[in-house]
Structures are given as C-alpha cells and as structure tokens.
Amino acid sequence: MDIGKNRWPYITPGIPDELFERRKVPLTKEEVRVLTLAKARLAPGQTVYDIGSGTGSITVEAARLVSPGIVYAVDKDEEALRLTRINVDSFGLTNVVYLAGEAPGVLAGLPPADRIFIGGSGGNLKEILLQCLSQLQPKGIIVINAVTLDTLWEAVNFGREKGLKTTAIALNVARLEKIGQREIFRALNPVYIIQLQS
1 MDIGKNRWPY ITPGIPDELF ERRKVPLTKE EVRVLTLAKA RLAPGQTVYD
51 IGSGTGSITV EAARLVSPGI VYAVDKDEEA LRLTRINVDS FGLTNVVYLA
101 GEAPGVLAGL PPADRIFIGG SGGNLKEILL QCLSQLQPKG IIVINAVTLD
151 TLWEAVNFGR EKGLKTTAIA LNVARLEKIG QREIFRALNP VYIIQLQS
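Residue numbers (this note's numbering): 1 to 198.
Be aware that one or more of the hints could be misleading.
Stated by the list, open to error - In silico DMTMM-like pairs for lysine to aspartate or glutamate, Cα to Cα no more than 20 Å straight-line: (1) Lys126 x Asp150; (2) Lys76 x Glu127; (3) Lys24 x Glu79; (4) Lys165 x Glu154; (5) Lys76 x Glu102.
Derived from the structure by calculation, the hints contain no laboratory data.
Using the sequences and the hints, build the whole thing.
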C-alpha cells in the first residue's frame, strides 16, 4: 500500500494544512507553499536543502516532487525536526535526510544543492546565504520566505550585490471562513517570497 498516495493522490503541490501534524511549530501555509515551490522550479533527481524546516510541509512537498532526489531537512529545534520526521513518514517518503543544528555551520559537507529553501534564519540570513551560495550548483535557485521587511530587503540586497537574478513577490492571502451565520474572508499574515538564481 502506498501511504503517500493514499494521503494525497495528486501530483500538484498544495497539500491541505490539516494533513500536517503541527502543534506549536510554524507551518508554511498551503497557498504560500504552492508559490514557494513554484519559484524553486523543482524536478526529479534534484538535491534540495530546506533550512528551517519547521513542521516539514515544504520538505514533504519537495521530496514528492524531486524523488529520487534527496531533500535535506535542517532545523536547530529538535521538536521541529521530530515533527518534520512525523510528517515525512506519514506520506511514506524515504528520500529525506534530517540535520539537527544551526545554519550555516550544519550545512558544511553536504552535497552541492540544486535548490535551497530558507524558511527560518535565526538572524543569520547573510551568513546562511553566503554558505548556500558556495554550495549552490550552477543555475541553482534559492527561495527565501520572509515575514518581515528587514528580511525581505536583506535577501534582495544580497542577491543584487552577488549578481544573482533577484525577484520578489508580496503574497497576501485571505481564506473564506464561516463566523456564526455569516462568512468572511480572514487574511493570513503577508509573506514575501524572494527568488535568487545563480
């Protein structure tokens, strides 16, 4: 029995949020995840880093899309990595390697990456980006999700300074919710998605 196909039988990304175990660990919401994955231009056989994996929602979606390629799920929080493992296992995926530790240090020695997601930087974004750039394959792509303007501008300025093709979008999503007898659109927090291409 194929566990992953039973849980999500589609090839398109956008697994519903409720299919992920979350608890108190941050989750990249479904709509944000879809655009983040699209900006990465994933393909089978790629090597991917997911830095700041959180619940592992990006890890799961990327692992499905790059198989038989490998996704390296990186997080300094043991609970986050534990949840990433639970979510990866629940979709029957076997192409994920887990790395506990803080980036950029924990990245040293990994195989060169075709694609890199950065969902959390712990205030070390520039150092992480420098390390990632040194390990990125030619024509590789880094995608950063930012919730603050400081992170947005740090990522954009880094890309421009290093001569990378740099694009960014601001994503504002509102979901229809029922409140009593009425329905309203409730906004999610805005997210900035930055794409850096070598």
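Structure-based check of each hint:
1. With a C-alpha separation of about 12 Å, the suggested pair Lys126 and Asp150 falls inside the 20 Å cut-off, and the hint holds.
2. Distance restraint check for Lys76 and Glu127: the Cα-Cα separation of roughly 15 Å lies within the 20 Å cut-off, and the hinted pair is therefore satisfied.
3. A distance of roughly 9 Å separates the Cα atoms of Lys24 and Glu79; the hinted pair therefore holds under the 20 Å criterion.
4. Between the alpha carbons of Lys165 and Glu154 the distance comes to roughly 15 Å, so the proposed pair stays at or under 20 Å and holds.
5. For the given pair, Lys76 sits about 5 Å from Glu102 by alpha-carbon distance, which is consistent with the 20 Å threshold.
In summary, the structure agrees with every hint in the numbered list given earlier.
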